[in-house]
Structures are given as structure tokens and as C-alpha cells.
Amino acid sequence: MKLAVILKRAILTERSVRATPAGVYTFEVDPAATKGEIGAAVERLFKVKVVRVRTAMLEGKTKRVGRLKREITGSRRKKASVRLAPGQTIALFQTEGEGKV
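In numbering that gives the first Met the number 0, the protein residues as written are 0 to 100.
Hint data in this document are derived by calculation from the structure and do not stem from the laboratory. Idealized CB from N, CA, C, for every residue including glycine. Zero decoy hints are in this set.
Pairwise CB distance ranges (calculated):
1) 67 x 90: 43 to 51 Å
2) 31 x 64: 25 to 33 Å
3) 69 x 18: 35 to 43 Å
4) 16 x 60: 21 to 29 Å
5) 85 x 27: 21 to 29 Å
6) 88 x 53: 17 to 25 Å
7) 72 x 42: 29 to 37 Å
Each computed DSS-like pair below joins lysine-lysine, with the alpha-carbon atoms no more than 25 Å apart:
8) 7 x 62
9) 1 x 77
10) 34 x 1
11) 60 x 78
Could you build all of it, start to finish, from the sequences and the hints given here?
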């Protein structure tokens, strides 16, 4: 798979940003991507050393639509948490007030 296809976007929530000082970064990835492909994509794209990759499949959210209020389900997504080697960071996740917790 291509890099642009494997890594869809960075997940920047309070919980994921809190994990960045420990070297853990979270991405939304292609559901067909394997842990090895995800790790290799992060290493090539950000020039860092990946130690561990953990993945989770997220169920699609259900919502009611239309006049009859039919229930539809959104598509499933895959989330990957990537741990880097000690001392390495990804600049994409840096915040202005970092260190002021």
C-alpha cells in the first residue's frame, strides 16, 4: 500500500495529545493495513524508529435519518497507536504550551 493510503489522518484528541510525552502517537489508518505496514509508513514518513503498533477497529456510529427515522450505521474505522523509540518525537503533534500540564 502507498503511504497516502495507509495513514489517513492524525487523531488529535485530549487523550491522544496527553499520550505524546510517553512517545505514543495515534492515527486513523486504512482498515486493510497491517501493523507492519503502519509501522513502516510512520518510519518512512516521519523519519523515526517505531517500537510498537497497537490497532483497534472502531464501529460505525448509528444515526436516525429520513422521515421514517430509519437507523443507518456509518462505516467502520481503524485506529493505530504507535510508540516511538525513546527521545524521538513527531513535530505534527507538538503543541505551544507543551510541558505546562
